[in-house]
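Q: Sequence:
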Amino acid sequence: MMGTTTSHDENQATRGSPGEVFAAFLKLGLTSFGGPIAHLGYFRDELVQRRKWIDEASYADLVALSQFLPGPASSQVGFALGLLRGGPLGALAAWAAFTLPSALLLVLFAYGATAFGGPVGSGIITGLKIVAVAIVAQAVWGMARNLCPDRERATIALGAVLVIILFAGPLGQVAAIAAGATAGLLFCRNHHEAITRHIDFPVSRTLGVISLVVFFALLFGLPIVTTAMSSQGLAVFDSFYRAGSLVFGGGHVVLPLLETEVVRSGWVNHDQFLAGYGAAQAVPGPLFTFAAYLGTVLEPAPNGLVGAGIALIAVFLPGFLILLGAIPFWDSFRKRESAQALMRGANAAVVGILGAALYDPVFTSAIVGPRQFALALTCFVLLMAWKAAPWIVVLVAAAGGVLIGAA
1 MMGTTTSHDE NQATRGSPGE VFAAFLKLGL TSFGGPIAHL GYFRDELVQR
51 RKWIDEASYA DLVALSQFLP GPASSQVGFA LGLLRGGPLG ALAAWAAFTL
101 PSALLLVLFA YGATAFGGPV GSGIITGLKI VAVAIVAQAV WGMARNLCPD
151 RERATIALGA VLVIILFAGP LGQVAAIAAG ATAGLLFCRN HHEAITRHID
201 FPVSRTLGVI SLVVFFALLF GLPIVTTAMS SQGLAVFDSF YRAGSLVFGG
251 GHVVLPLLET EVVRSGWVNH DQFLAGYGAA QAVPGPLFTF AAYLGTVLEP
301 APNGLVGAGI ALIAVFLPGF LILLGAIPFW DSFRKRESAQ ALMRGANAAV
351 VGILGAALYD PVFTSAIVGP RQFALALTCF VLLMAWKAAP WIVVLVAAAG
401 GVLIGAA
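Sequential numbering from 1 applies to the sequence shown in my numbering.
To be clear, the hints were calculated from the coordinates, so they are not data collected in a lab. Do not rely on the hints blindly, as some may be mistaken.
Cross-link-like lysine to any residue pairs, in silico, SDA-like; alpha carbons within 20 angstroms at most [claimed, not checked]: (1) LYS27 to TYR111; (2) LYS27 to SER17; (3) LYS52 to GLY19.
Hey, can you work out the whole structure from these sequences and the hints?
A: The following block contains the structure:
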């Protein structure tokens, strides 16, 4: 176990039941709109300030850990809070309650989207593709301001775009992140932060090591097993697991990773992909539940509910494994100047990867004329200047898509 006796006793004193955890996170899963940063605010209001499951300093440590690791940041924070409050069953309850509402809505949308054949249905699909342009542009803009505030990191982001152009596919994305991390070690050491706070979780170093071994064994072993067995189900699990393993910097970054895995493989077409991504902005909960939509519509089988289940578990699993693996070693690692520099470079590279995805496939697939561009620009202004909720902007885009189709 980590931490002092006092911290351990305090954690024990605040333990609750998995049922309590499930009820708290179900409320959050039904009402948490706005993306991972907004989710972290909802968590703080509900679980830190109102329910007092954890103190402010410990919550800040947990948020810092989730931002450092690959995976869905808000879901990792929720998983860890469930672990603290209700043990392993509490962690699973937190994930299920926060994730399933939006996953089920997107599965229903996937079934309904296949029935859209008339002008209204095709117009809605057009609008959902267009709103994805505005939402990804907003994500690129916000991440660039936070993660590339100086010329060194802006240059690393530009370098990542060039790597993606030269080496398309998963290899290019891994190479861009690796090159960014290396550049961070060399050029981003002048922002060292002194860290004194302590994070304390009931996770042993043995469990941490086992989790890391499983994480890397699946990451590198699944492609080999999939090739040897020629199983489509394993291929789907492998693709979504790999996408979930490489997401740094927020849920929007999963867009180019999933596009590489499912569109370029021919499992999902561009229109289906961008329509689902647009719909994912209109539901509460984590953006990673976009995987449930993709698992439903992909071809060949397994798809439908089975495909949704495979995709959903596979895309979340690596983030939780690496979280469990990092918790026992986080305090000592994050205090190192080299670790902070490495992550600054990797995060800057992520901005470049998402910027490249903004152009292709998001912009090139959705913006085919001036009307589409005008609607995308309208959505962007609503998000950036008017601070409109994403689900409202999605409705505006869907209505605009219908009008464009009728014109």
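Q: Hint by hint, where does the structure go against what was stated? Just the numbers, ascending.
A: Violated: hint 1 alone.
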